Amino acid sequence: MSSVLIVVGLALVVLAGAVHVLIFLLESVLWRSRSTWRQFGIASAADAEIARPWALNQGFYNLFLAVGAIAGGIGGIVAGVDPVAGLSAWGWVGGFCALCMLAAAIVLLVASRRRLLRGALIQGAVPLLAVALLGVGLAV
11 MSSVLIVVGL ALVVLAGAVH VLIFLLESVL WRSRSTWRQF GIASAADAEI ARPWALNQGF
71 YNLFLAVGAI AGGIGGIVAG VDPVAGLSAW GWVGGFCALC MLAAAIVLLV ASRRRLLRGA
131 LIQGAVPLLA VALLGVGLAV
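Each number in our numbering comes from the position in the sequence shown (counting from 1) with 10 added on.
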């Protein structure tokens with residue numbers, strides 16, 4: 011049972027990575043689209059242009075975290091679950107990336123619960139499930 015929980019947790023880590031690739035696309039590739047910057051609460055094209063360097067940088071942070079999560083999740087699934095150690099080194103990398111995603115979502119909630127709740131849920135719900143399943147899978 012614990013092996014199944016770990017594999018499902020790692021699959022969710024991969025899914026969380028895919029969500030962060032989409033966030034990268036919004037922040038770094040599609041930023042100049044009105045519908046994109048409005049999703050981030052930017053009111054005007056002038057404000058979006060001012061925020062563009064920040065969004066570009068933030069998008070690449072999300073991409074790098076996504077690459078770690080996807081590689082770690084897939085690598086962990088391929089390497090399999092060790093009956094003694096639990097996760098492979100790849101799995102630990104994926105789990106760490108999921109923890110970082112969850113921590114970033116918590117920062118959003120602390121910064122402004124009402125205004126940033128949607129973003130925190132998008133960014134943190136899947137990593138939360140992944141971390142929970144990995145934790146339970148390793149504990150049993």
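Treat each hint with caution, since some may be false.
[Said to hold, decoys possible] Each pair of labels, with its calculated beta carbon distance range:
# : residue 1 : residue 2 : range
1 : A99       : S12       : 38 to 48 Å
2 : G145      : E59       : 38 to 48 Å
3 : A53       : V88       : 42 to 52 Å
4 : R42       : A135      : 19 to 29 Å
5 : A113      : G90       : 25 to 35 Å
These aren't lab readings, by the way, just hints derived from the structure by calculation. What you are looking at is a predicted structure, and each value in this text was computed from that prediction instead of being measured. Idealized CB from N, CA, C, for every residue including glycine.
Verification of the supplied hints:
The beta-carbon spacing between A99 and S12, approximately 18 Å, falls outside the hinted interval of 38 to 48 Å. Between G145 and E59, the C-beta spacing of about 43 Å keeps the proposed range 38 to 48 Å intact. At about 46 Å, the CB distance of A53 to V88 agrees with the hint of 42 to 52 Å. Under the hint 19 to 29 Å, the C-beta atoms of R42 and A135, about 28 Å apart, fit the expected range.
About 28 Å separates the C-beta atoms of A113 and G90, a value consistent with the hinted range of 25 to 35 Å.
This entry does not satisfy hint 1, going by the numbered hints stated previously; all others are met.
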